[in-house]
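Engineer: Just need the whole structure built from these sequences, with the hints factored in.
From first to last, the protein sequence lines stand for chains A and B.
When the letters of the first sequence are read in order and numbered with our numbering, they come out as residues 1 to 210.
When the letters of the second sequence are read in order and numbered with our numbering, they come out as residues 1 to 210.
Be careful, since some hints might not be right.
What the hints assert, rightly or not - Reference listing, derived: stretches of chain B covered by chain A, where coverage requires no fewer than 3 residues with Cβ under 8 Å from a Cβ of chain A:
1. 12–21
2. 139–153
3. 159–165
4. 196–206
Said to hold, decoys possible - Using C-beta positions, here's what the derived DEER-type ranges look like:
5. A108(B) <-> P42(A): 44 to 50 Å
6. G202(B) <-> E66(A): 37 to 43 Å
7. G109(B) <-> E74(A): 29 to 35 Å
8. G157(A) <-> E61(B): 36 to 42 Å
9. T111(B) <-> E66(A): 42 to 48 Å
10. V27(B) <-> D33(A): 50 to 56 Å
11. A37(A) <-> E74(B): 55 to 61 Å
12. E74(B) <-> S146(A): 20 to 26 Å
13. E74(B) <-> G65(A): 57 to 63 Å
14. A199(B) <-> W209(A): 38 to 44 Å
15. E32(B) <-> E66(A): 53 to 59 Å
If you're looking for bench data, these hints aren't it; they were derived computationally from the structure.
Computed from a predicted structure; not experimentally measured.
Heads up, the beta-carbon is just placed ideally off N, CA and C, and yes, glycines get one too.
Protein chains: 2
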Amino acid sequence: MRLVLGSQSPARLNVLRQAGIDPVVRVSGVDEDAVAAALTDPRPAELVTALAEAKAHAVVEALAGELPTELLKEAVVIGCDSMLSINGRMVGKPGTPEVARARWQEMAGKTGELLTGHAILRLSQGVVDRTASGAETTTVRFGTPSDRELDAYIATGEPLAVAGGFTLDGMGGWFVDGIDGDHSSVIGISLPLTRRLLAEVGVSVIDLWS
Amino acid sequence: MRLVLGSQSPARLNVLRQAGIDPVVRVSGVDEDAVAAALTDPRPAELVTALAEAKAHAVVEALAGELPTELLKEAVVIGCDSMLSINGRMVGKPGTPEVARARWQEMAGKTGELLTGHAILRLSQGVVDRTASGAETTTVRFGTPSDRELDAYIATGEPLAVAGGFTLDGMGGWFVDGIDGDHSSVIGISLPLTRRLLAEVGVSVIDLWS
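Structural biologist: What follows is the structure, given as structure tokens:
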């Protein structure tokens, strides 16, 4: 039984490796706007769950197009999606230094809600036979970087490419005073939620340990 | 300016490296029982702070015994100590599989308080000229591993050698449902507390980034 991680995030891969699993990584493109548009006024948890499901299904389709592999016989595929909600607004990756600065000026000293959705598809003999999905919400209490600290942090480039413009497991960790919830969820893959979803499809996490 | 980490914990070193600092590691033995015995009925936060201070001072003494190094000119030394409080009792490393199992049977489904103390000594021209210390308390909500999961976790050896018999950043992460506080503090070195203590001795964390 192998775990297939449907994400190219090095942070998610690192969380899994530190936790004893060396997954196969397979990423497949999903039109996230189309997935979101198909939902009527979704709650944030519904949105991240739907996106995680779409990503996991896209990976299974891509796997089916590969030459027959051992993977298709017995595997679980996990799809993941994360978003930060600040002042009731969902925000993604800042992309530019200007947006990262504006985001931090809004977040500093406040709290945000980090939502992470996961979908698990269990494959047996090439067919998805069991599925489970769900979402976790974690409160993040942001610190207040000084102007000089914020300049230096933005100059590293780190905040531009990550959901919400911060990391817990990188240099952003200096500027997060605390969380209430699951820290691996904030990094992008919730270990306790993944364990529960795996159990729902009849897999114990310890059977995936390498 | 270099950071000297007065701890042989690979988890602490990893937190710092992921957060952009590559510290010099210097460890020096401290008689922890003697430090504790010198305190009258200390609160847990006082105890971990006193132990962190003793460790930091021991490292400075050891450094002073080395040949004159660049380190002694301009550096900050950090000492760290962590303990878990469960049901009002302070617990350390289980050491044996039997103790790890009993500990988990006590913790499963409950909460504990993880205390982390830090002491920072700023060295200028070989002399400690500024100091700061403090402690963080983080609530840890333990999950409930099945008997089979607990057997497998103990068999990895991981819980035997870590304070409280669990990790957040290793395989133990599967069995922690969440925390309320700073996750790096639970791993053993609190980034936000370290940043505040560095500021107290006049050092910005960004000046230590490599």
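Engineer: What are the numbers of the hints the structure violates, in ascending order?
Structural biologist: Going through the list in order, the structure violates hints 3, 5, 6 and respects the others.
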